[in-house]
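Given the sequences, and given the hints that come with them, work out the whole structure.
Below, each chain spelled out in residue letters.
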Amino acid sequence: MGSAPSLGEQDYVRGGATQTAVKILVVGHFAVGKTTLIGSISEIEPLSTEETMTQAAEAVDDLKGVQGKTTTTVAMDFGRLTISDRVVLYLFGTPGQQRFVQMWEDMARGALGALVLVDPERLADSFPVIDLIEHYGLEYAIAVNHFDGAPLRDERALREALDLLDDTPVVTCDARDEKSSAAALTTLVRYLLDRTR
Amino acid sequence: MTGRDGWEPEAAELVRPYVITKGRGLPDEDDLSLITLVTASAEDARRPTRLSPEEQSLLELCSAGYLSVAEIAGHTHFPLGVVRILLASLMEGGYVTTRPPVAPARLADREILEEVLNGLRAKFG
Ligand SMILES: Nc1nc2c(ncn2[C@@H]2O[C@H](COP(=O)(O)OP(=O)(O)OP(=O)(O)O)[C@@H](O)[C@H]2O)c(=O)[nH]1
Ligand SMILES: [Mg+2]
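Protein chains in written order, with my numbering: chain A, 1 to 197; chain B, 1 to 125.
Read the hints as simulated data drawn from the structure, not as lab findings.
Since the model is a prediction, treat every value here as computed from it, not as a measurement.
Glycine residues also receive a C-beta, built at the ideal position from the N, C-alpha and C atoms.
Be careful, since some hints might not be right.
Unchecked claim - Label pairs and their in silico Cβ distance ranges:
hint	chain 1	residue 1	chain 2	residue 2	range
1	B	Ala122	A	Pro5	28 to 34 Å
2	B	Gly125	A	Asp131	33 to 39 Å
3	B	Pro104	A	Ala17	20 to 26 Å
4	B	Glu43	A	Ser6	18 to 24 Å
5	B	Asp44	A	Asp177	47 to 53 Å
6	A	Glu43	B	Ser63	18 to 24 Å
To be verified - Footprint (simulated), chain B over chain A, 3 or more residues, beta carbon under 8 Å:
hint	segment
7	44-50
8	86-93
9	181-193
What the hints assert, rightly or not - Chain A regions said to be covered by chain B (calculated; three or more residues, Cβ under 8 Å):
hint	segment
10	9-21
11	106-115
Below is the structure:
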């Protein structure tokens, strides 16, 4: 290190001098499509950052090679979308594991809300994610990432399984598709707006 | 994992960040949140100090426009905690200025949410 990576004009925040940033979290269990969704909407190549994890390691079970260490790094990935000349939106992909407490606090603080990606074939994997979101007091919408592209057959069963409030939005999406991902995000923001009434 | 004589294997990994940051403490997290936007200050605002190579590198990165703290960490591959400390030091010397994100109290502002909603609709239909 010592020399800065050279960036292009498009890497910088457009109109940065007048911009204020907001963020929305994209959360979900392992391999549910978080990075894919962020990449389909982001105007920059998704980036990732590392954070030092300092908490006790007994909860660290399935990360190879970190057993017994008190320090390791975890990655979160994120993308950016310039909304206007006043607002720039960042999307942060957050793994749903309880052990990333420090990172969750960092991510949740100041977030507008969260889009929770759910795989209908692995609903139970989403329970801890939703618990975390609620723990941090974040408003959220559910985006069902249908890997086979089929319509969601039984929304009521899904709502029941995830124990959702009646007004929590549930949408289906294909995280690889820009419009579909954006529609899920739009549903979340409209819901957040409704909540302010 | 403490060895027989108290030697900690992971300590070595921590030495470098410590050196880079000259042992400074962590800045207030709200000052340099993940989405605080950072850019280099005008030359005349800078107090003449000797910058570390890492501070110099961050300053260069921020010279061509605004980047969020998270993006600075992403581009440099420095851990976020280290980036925060380096930026705090650069701020202290007047080398960089920041644009804080929307204040927590304003997060539920209709104005901001409407702007985001309209922006998404305009971009993606
Ligand atoms: N068929 C299909 N595949 C998808 C969809 N979304 C994601 N994938 C694929 O599923 C895999 C995992 O997607 P990622 O975006 O990496 O998931 P992630 O949630 O970021 O995963 P982790 O960060 O490892 O937790 C990738 O190979 C994607 O290409 C989808 O909507 N349909
Ligand atoms: Mg991912």
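Against the structure, the hints come out as follows:
Range check, alanine 122/B to proline 5/A: Cβ separation about 31 Å, and the 28 to 34 Å hint holds. As the Cβ distance of glycine 125/B to aspartate 131/A is approximately 35 Å, the hint placing it in 33 to 39 Å holds. The hinted range of 20 to 26 Å is satisfied by proline 104/B and alanine 17/A, whose Cβ atoms lie roughly 23 Å apart. For glutamate 43/B paired with serine 6/A, a C-beta distance near 21 Å keeps the hint of 18 to 24 Å intact.
Against the hinted window of 47 to 53 Å, the Cβ-Cβ separation of aspartate 44/B and aspartate 177/A comes to about 49 Å, which satisfies the hint. As the Cβ distance of glutamate 43/A to serine 63/B is approximately 21 Å, the hint placing it in 18 to 24 Å holds. Note: the segment 44-50 of chain A has 5 residues with beta-carbon separation from chain B under 8 Å; the three-residue rule is met and the coverage holds. As drawn, the segment 86-93 of chain A meets chain B at 6 residues by the rule of a beta-carbon pair under 8 Å; at three or more, the given contact holds.
Counting residues of the segment 181-193 of chain A whose CB lies closer than 8 Å to any CB of chain B gives 8, so the stated coverage by that chain holds, three being the minimum. Residues of the segment 9-21 of chain A with a Cβ under 8 Å from some Cβ of chain B number 9, which satisfies the need for three, so the listed coverage holds. Closer than 8 Å: that is the beta-carbon criterion, and the segment 106-115 of chain A has 6 residues meeting it against chain B, so the requirement of 3 holds.
Of the numbered hints given earlier, the model fails none.
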